[in-house]
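Enquirer: Heads up: the protein sequence lines correspond to chains X and U, in order. Position one of the first sequence corresponds to residue 1 (the numbering used here), numbered consecutively onward. Position one of the second sequence corresponds to residue 1 (the numbering used here), numbered consecutively onward.
Treat the hints with care, since some could be wrong.
To be verified - Now the stretches of chain X that chain U is said to cover, found in silico as 3 or more residues with beta-carbon under 8 Å:
hint, segment
1, 26 to 36
2, 39 to 46
3, 50 to 58
4, 61 to 70
Said to hold, decoys possible - Here are a few chain U residues that sit away from chain X, every Cβ distance over 10 Å (derived from the structure):
hint, residue
5, Pro23
6, Ala52
7, Val157
Everything labelled a hint here was simulated from the structure, so no lab data went into it. Computed from a prediction, not measured in an experiment: that's the story for all the values here. Backbone N, C-alpha and C fix where the C-beta goes; we use that ideal spot for every residue, glycine too.
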Amino acid sequence: MSRLVRMDRSGHTTIAEWTAADERSVESAVAAFRKELDRGSFAVVPQGEGRAEQVSDLPVDADLVVMRRPIAGG
Amino acid sequence: MAQAASAPSAQALPELASVYWRPRVDEDALRRRGTLWTTITVAHVVPFVAIAVLIVLLQPLAVAVSLIALAKAWLIPALYAQRGANVVRPKRRLDDEPERRALGLLGDLVGHEARDLYSATGLVLERGALGVWLVGEAGAVLVRPGRRRVFCYCVRVPEDALPSADRTSHLLLALREDETGFATVANLAFSGARWRLRRRLDRRMRPALAAAARAA
């Protein structure tokens, strides 16, 4: 089961779960993904230690997609 | 702790658009910035030391004034180093449950050793192409190869209610996406000798700096 996770004030929230074979779950995850992008979040796929890839479409085959907020110089 | 070195990334951090006027940080830029910081430090220290010596030579009874000049020569670099240490100073913690959940996600992102180091020090060790990073919740320290020089960057998620570990995860993911972009977006607070930073760093965090130096 793949997960779409948003980092938020609760620690993190799983906003969608899907399996590639289940079209309805994928559609639901894509909708949640789009909604988060519209909020101004960025989507990142952790790719093991030291690497992460930013994506603009939901990678259906990824195990975990994390939505992060923009960063800025302090 | 053994994160793979992140090569200069093909993907650009989207936040770069908000600092479009800054040239992207690279090896040469870091060397130039380091040299500039050293020059500024010398320019602060040398005049005060020279004044201290001159005063004693001209009027030995004015040794107190000479000591004040020496104190300033010591204090100004120390204040700069303090500014560097402040970028990783721990912030106010939220309730236990959000912190615990956020820590769970951060734990999924890093290896076993990095997780242990984070638990002990509040900093995540991450190897990069520019050196070894220590990522905190509102800043990051880069230990350059050679271990002598550090760069302290002030960078954060500008949202108030996030748990500490979530803030660190945000920075860690951005760093992994685009290391040089991360260093470009972040504001440089200090560059100088590692020993200077170590003296100003919270005691709890010093083992992380030592680990980063070993890994650099």
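Enquirer: All hints are to be evaluated individually against the structure, with a verdict given for each.
Expert: Structure-based check of all given hints:
| no. | hint | result |
| --- | --- | --- |
| 1 | 26 to 36 | violated (count 0) |
| 2 | 39 to 46 | holds (count 3) |
| 3 | 50 to 58 | holds (count 5) |
| 4 | 61 to 70 | holds (count 5) |
| 5 | Pro23 | 15 Å, holds |
| 6 | Ala52 | 36 Å, holds |
| 7 | Val157 | 5 Å, violated |
Of the numbered hints listed earlier, those contradicted by the structure are 1, 7.
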